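Asks: Residues per chain are reported as follows:
There are 2 protein chains.
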Amino acid sequence: MDAAEPEVMRIGELARRAEVTPRTIRHYEELGLLSPGERASSGYRYYTERELARLNKIGQLKDLGLTLEEIGSVIDLYFTDPTGAQGKRKVLQILRGHLSQTQARRESLERFERELKENIAKVERLLAEAESGQP
Amino acid sequence: MDAAEPEVMRIGELARRAEVTPRTIRHYEELGLLSPGERASSGYRYYTERELARLNKIGQLKDLGLTLEEIGSVIDLYFTDPTGAQGKRKVLQILRGHLSQTQARRESLERFERELKENIAKVERLLAEAESGQP
DNA sequence: TGCTAGATTGACCTTAACGTCAACGTTTAA
DNA sequence: TTAAACGTTGACGTTAAGGTCAATCTAGCA
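So the sequences go chain by chain: L and X. Using my numbering, the letters of the first sequence map in sequence onto residues 1 to 135. Using my numbering, the letters of the second sequence map in sequence onto residues 1 to 135.
Hints are not guaranteed to be accurate.
Since the list can't tell identical chains apart, any single copy or any two copies may satisfy a pair.
[What the hints assert, rightly or not] Capping the alpha-carbon separation at 30 Å, the derived lysine-lysine pairs in DSS-like fashion look like this:
1. K57 - K90
2. K90 - K117
3. K117 - K62
4. K122 - K90
5. K57 - K122
Hints are computed from structural coordinates only; laboratory data are not their basis. All values reported here derive from a predicted model rather than from experimental measurement.
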């Protein structure tokens, strides 16, 4: 059976679960993207699922093409409810921006995917011809 | 009416059409990713649609997350028919690899897209409540 | 013929996002 | 209680992917 997932963990465990290195996590902390839930008197950083989720969100935003700095300026809006109508409108604006970037990127990947499939089919055809032609 | 697109062009034009800078094109050339169709006696590089297509393919592979070096080692297989059955099988292997990377990336974007939509809906709800609650 | 915009090479510079290493402290299972 | 595994800070290194600048040359239109 698998090891139970602890409710609280140190940097190494968090790193393993998010598939990054501890160095990356510290780096994100320096940039203000992610801080440990708690800091023991030993100096050790302790994290929870919250931070894991945040780390994964950072990954998504990176995949979207944002720099860590850009991520730093928007990541909170994924984890704190906006205050006031203005705040909500601002958040909406940014989320909609991310949405349209995501869609654009997805569509371009879909195009590539179609091209790849055609390409593959073509080479498969060539291969079949070659194999039936000269056995 | 729009300017007609020339059958042959210099680096600036190619750059504009591919939405990159001339520097980028020269950089790709240094790395062996893209060479001009022709080189005038003046030293000017001249390109055609072929190179534009290639440049766009490089962009797709970049979006997929490949480094320029990795791209350099596979780009040709998008533009030259493989020789021999072995060659074809090899190409198929690589194309299938790209396909599964593309699909994985697309699926992760789709997840993010769904999350974004939920998030947007949530904030919209909050906003509506706030506006009807305290006008 | 003479401008102006664009091209050439070469060299050095920049930036983001970590990697690596040293010197040292902490945890924890044996 | 000690050894192995893990964590800490600090500092420096690396790599990819171009940016920038200078000095010089070319194209092509008025």
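Asks: Indicate, hint by hint, whether the structure satisfies it.
Replies: Structure-based check of all given hints:
Taking the shortest Cα distances, K57 and K90 sit within 30 Å of each other inside one copy (19 Å), while across copies they are farther apart (36 Å). Within a single copy, K90 and K117 get their C-alpha atoms only as close as 41 Å, which misses the 30 Å cut-off; across copies the closest is 16 Å, which meets it. For a Cα distance limit of 30 Å, the shortest separation of K117 from K62 qualifies both inside one copy, at 27 Å, and across copies, at 18 Å. Proximity of K122 to K90 under the C-alpha cut-off of 30 Å is restricted to the inter-copy arrangement: shortest distance 14 Å between copies versus 48 Å within a copy.
Only between protomers do K57 and K122 lie at most 30 Å apart by alpha-carbon distance; the minimum there is 17 Å, versus 38 Å within a single protomer.
Figure legend: structure checked against the earlier numbered hints; every hint is met.
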